[in-house]
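**Student:** The primary structure of each chain is shown beneath.
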Amino acid sequence: MSRATILLMLPALLVLTLFGVVLASFASVSLMVLDPGSAVFHGPPTLANYTRLLGSEGAWRAVLTTLRLSAEITVLCVLFGYPLARVLARSHSRSLRRVILFCLVATFLSGGVTRAYAWLIILGNQGLINQGLRAVGLPRAALINNEFAVVVSVLNFVLPFFVLTLFGALRTIPEQLEHAARNLGASRLRSFVSVTLPLSLPGLAAATSLCFALSLGAFLFPQMLGGGRVHVLATAIYDRIQASYDIPSAAALAVLFFLLVLLMLAVVGGLRRLVAVRFAGEAA
Amino acid sequence: MSTPSSSRLEIDGVAKAYGAVKAVESVSLAVEPGEVLALLGPSGCGKTTLLQSIAGFVVPDAGDIRLDGASILVTPPEKRRTAMLFQQYALFPHMSVRDNIGFGLRMARVPKVEAARRIEQALALVRITQLAERRPAQLSGGQRQRVALARAVVTEPRLLLLDEPLGALDQNLREEMQVELRKLQRNLGLTTVMVTHDQREAIVLSDRIAVMKEGRIEQIGTPLDIHDHPRTHYVATFTGVENLLPGRFHGEDVVELAGQRIVGVQASAAKPGAVTLAIRSEAITVLPPGQGDIEGTIGFVQMLGASVRYEVAIATGLTVTVTEVRRDAPPFELGAAVSIRLAASRCSVLAS
Numbered sequence: 001m002s003r004a005t006i007l008l009m010l011p012a013l014l015v016l017t018l019f020g021v022v023l024a025s026f027a028s029v030s031l032m033v034l035d036p037g038s039a040v041f042h043g044p045p046t047l048a049n050y051t052r053l054l055g056s057e058g059a060w061r062a063v064l065t066t067l068r069l070s071a072e073i074t075v076l077c078v079l080f081g082y083p084l085a086r087v088l089a090r091s092h093s094r095s096l097r098r099v100i101l102f103c104l105v106a107t108f109l110s111g112g113v114t115r116a117y118a119w120l121i122i123l124g125n126q127g128l129i130n131q132g133l134r135a136v137g138l139p140r141a142a143l144i145n146n147e148f149a150v151v152v153s154v155l156n157f158v159l160p161f162f163v164l165t166l167f168g169a170l171r172t173i174p175e176q177l178e179h180a181a182r183n184l185g186a187s188r189l190r191s192f193v194s195v196t197l198p199l200s201l202p203g204l205a206a207a208t209s210l211c212f213a214l215s216l217g218a219f220l221f222p223q224m225l226g227g228g229r230v231h232v233l234a235t236a237i238y239d240r241i242q243a244s245y246d247i248p249s250a251a252a253l254a255v256l257f258f259l260l261v262l263l264m265l266a267v268v269g270g271l272r273r274l275v276a277v278r279f280a281g282e283a284a
Numbered sequence: 001m002s003t004p005s006s007s008r009l010e011i012d013g014v015a016k017a018y019g020a021v022k023a024v025e026s027v028s029l030a031v032e033p034g035e036v037l038a039l040l041g042p043s044g045c046g047k048t049t050l051l052q053s054i055a056g057f058v059v060p061d062a063g064d065i066r067l068d069g070a071s072i073l074v075t076p077p078e079k080r081r082t083a084m085l086f087q088q089y090a091l092f093p094h095m096s097v098r099d100n101i102g103f104g105l106r107m108a109r110v111p112k113v114e115a116a117r118r119i120e121q122a123l124a125l126v127r128i129t130q131l132a133e134r135r136p137a138q139l140s141g142g143q144r145q146r147v148a149l150a151r152a153v154v155t156e157p158r159l160l161l162l163d164e165p166l167g168a169l170d171q172n173l174r175e176e177m178q179v180e181l182r183k184l185q186r187n188l189g190l191t192t193v194m195v196t197h198d199q200r201e202a203i204v205l206s207d208r209i210a211v212m213k214e215g216r217i218e219q220i221g222t223p224l225d226i227h228d229h230p231r232t233h234y235v236a237t238f239t240g241v242e243n244l245l246p247g248r249f250h251g252e253d254v255v256e257l258a259g260q261r262i263v264g265v266q267a268s269a270a271k272p273g274a275v276t277l278a279i280r281s282e283a284i285t286v287l288p289p290g291q292g293d294i295e296g297t298i299g300f301v302q303m304l305g306a307s308v309r310y311e312v313a314i315a316t317g318l319t320v321t322v323t324e325v326r327r328d329a330p331p332f333e334l335g336a337a338v339s340i341r342l343a344a345s346r347c348s349v350l351a352s
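Chains as they are written, first to last, in the UniProt record's numbering: chain A, 1 to 284; chain B, 1 to 352.
None of these hints come from the bench; they were simulated from the model. One or more of the hints may lead you astray.
Which stretches of chain A does chain B cover? Using the computed rule of at least three CB atoms under 8 Å from a CB of chain B, they are [what the hints assert, rightly or not]: (1) 194-200; (2) 225-236.
Here are the computed lysine to any residue pairs in the SDA-like style, where the Cα-Cα straight-line distance is at most 20 Å [said to hold, decoys possible]: (3) B/K79 to A/S93; (4) B/K112 to A/S194; (5) B/K112 to A/R190; (6) B/K183 to B/L173; (7) B/K22 to A/S93; (8) B/K79 to A/H92; (9) B/K213 to B/A351; (10) B/K79 to A/V275; (11) B/K213 to B/K183; (12) B/K213 to B/Y18; (13) B/K79 to B/E10; (14) B/K183 to A/H179; (15) B/K22 to A/H92; (16) B/K183 to B/P33; (17) B/K79 to A/T17.
C-beta: ideal position from N, C-alpha, C; glycine also.
Kindly produce the complete structure, drawing on both the sequences and the hints.
**Tutor:** Now the structure itself:
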């Protein structure tokens, strides 16, 4: 390795080392024990936190809720996001493309807390939707402090990531290929199913895994719109620190969470490679 | 491929505008069964829009397109059976060569056994049987071109559409494919419309050429007609006529150039008076002084191997370019006094 290579790698190595140290200290805290009735924790290292967590019904429920909600959000993302990305990639109307892009980027740029409040205003008991319902004489709908509110708000958060990622992938598929399919006798739908969809699978895999990972880690929206009734991993970790100052236990849960995400990424990565080999003709 | 199905194509007053830009302005033409028509012109002349209208990817604002007398204007692209050879081939990258060629047959629900037979036939036709299991990414440009061609003709289309068919190939391969494409088209007897900006390609591949300018047909005729007798300045320039000379038209077939009368020229649309005369460099011969029509001096000599190119300054200070096949006698030297003779039947008086 030349000196220049090493020098160029130095910043990355520093960041990685720092990251590693933080993770390691985190993991070591998860092996400590909390003194009952205080915020002090100490050694010697023990797996007590982990055995407690693995036996705790609440922790498992949080894991399952997190996975289920993330899956729901990802599915919705594909349903709403794919058509949007396709319009963005294929529409000949520049103004339409601009409007969509503007909306997506505006969502990006407005802060999470702002958006969470916006959703509170829309979905709340005295919110826009319920005011509308009351105006036409319908009973109030419970749109907040439940999973529905969490799914809607997290979807709003991850959709731009999904659409822009998929948009990039769709743009690399020449429109001419779709024309060729039509020209050879394929209907619009058939051309999409046999040509566009398979060719977009690598991009779709990238977009869905990003979307899933972001949903797994979402904290703000479940916290603010779940009203304490929707327990996902991120809020469970937070609660452990806020409610009981049990930092070692929170760290243990965080480590488990981390492992879960790694596992998911490994699974998705494997699928992606399969898809790339099967459909793109070459290993991506 | 077993039964060549040749259709007659009629384009009747087709027009298409994109916003304020008129891509095609009222174009009418007919392509006879088995004929190859080339739409020739620079980019932006409307030739591609016209081709896309025939394929169904562009909906014209006005006019009609008929195949064998029946309008196909409202027929969706997938039902038109107008096989298109795309410029970048548009092979499906996720399918093998065999699956690419079989795509149209699968869409038409051709029974498996028959489809397999026809795919083999098409593979053999373009001589790529040994490549059947490859992916497009593993093929060279020429091989991709063959796959695209096989994929287009295997469906027994009513019309073959070629979009700059050889534009993506290098020169040697291009000439080889020109011959092959022409032979294949002849054997299959497919009515063909091709789009190109390369006049040589149009001449080699087509039976008739329509030269397009700004959405209109400027001139339509046989390749030789277009080559030898351009009717307008635009066609002459675009098809590479070297000599555009100021002259005087006296009506009928008489024109005056550098004070000499030349009889027997082609003058379809010109009015008597000052005109431009279009003459290809190879329609002029250089002779010793006194033997030709106009006297002049050799201003430049360029050896091209099989031929030689002269620039001859004629009396009035005009220069004409002459290309001659090299003969046994040594070529004229720079500064030599010569005379030139024009093949009058290959001189065209341009419409002003």
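**Student:** Look at each hint and say if it fits the structure.
**Tutor:** Cross-check of the supplied hints:
Given a C-beta distance limit of less than 8 Å, the hint that chain B covers the segment 194-200 of chain A holds, as 4 residues qualify and 3 suffice. Counting residues of the segment 225-236 of chain A whose beta-carbon sits less than 8 Å from any beta-carbon of chain B gives 0, not enough to reach three: the coverage restraint is violated. A hinted pair counts as satisfied when its Cα atoms are at most 20 Å apart, and B/K79 with A/S93 does not qualify at roughly 27 Å. Taking the CA atoms of B/K112 and A/S194, the gap is about 18 Å. The hint holds against a cut of 20 Å.
With a CA separation close to 19 Å, the supplied pair B/K112 and A/R190 stays within the 20 Å bound. Restraint check for B/K183 and B/L173: satisfied, since their Cα atoms lie roughly 15 Å apart, inside the 20 Å limit. With a CA separation close to 18 Å, the supplied pair B/K22 and A/S93 stays within the 20 Å bound. As the CA atoms of B/K79 and A/H92 are separated by approximately 24 Å, the hinted pair breaks the 20 Å bound.
Taking the CA atoms of B/K213 and B/A351, the gap is near 15 Å; set against the 20 Å cutoff, the hint holds. This hinted pair does not check out: B/K79 and A/V275 have alpha carbons roughly 32 Å apart, beyond 20 Å. Note on B/K213 and B/K183: the hinted pairing is violated, with a Cα-Cα distance of about 29 Å set against a maximum of 20 Å. Using a Cα cut-off of 20 Å, the hinted pair B/K213 and B/Y18 holds, with the two alpha carbons roughly 16 Å apart.
Annotation: proposed proximity of B/K79 to B/E10 holds, straight-line Cα distance about 18 Å (limit 20 Å). For the given pair, B/K183 sits about 27 Å from A/H179 by alpha-carbon distance, which is inconsistent with the 20 Å threshold. The straight-line distance between the Cα atoms of B/K22 and A/H92 is roughly 17 Å, inside the 20 Å bound, and the hint therefore holds. Distance restraint check for B/K183 and B/P33: the Cα-Cα separation of roughly 16 Å lies within the 20 Å cut-off, and the hinted pair is therefore satisfied.
Restraint check for B/K79 and A/T17: the C-alpha separation of about 62 Å exceeds 20 Å, so the hint is violated.
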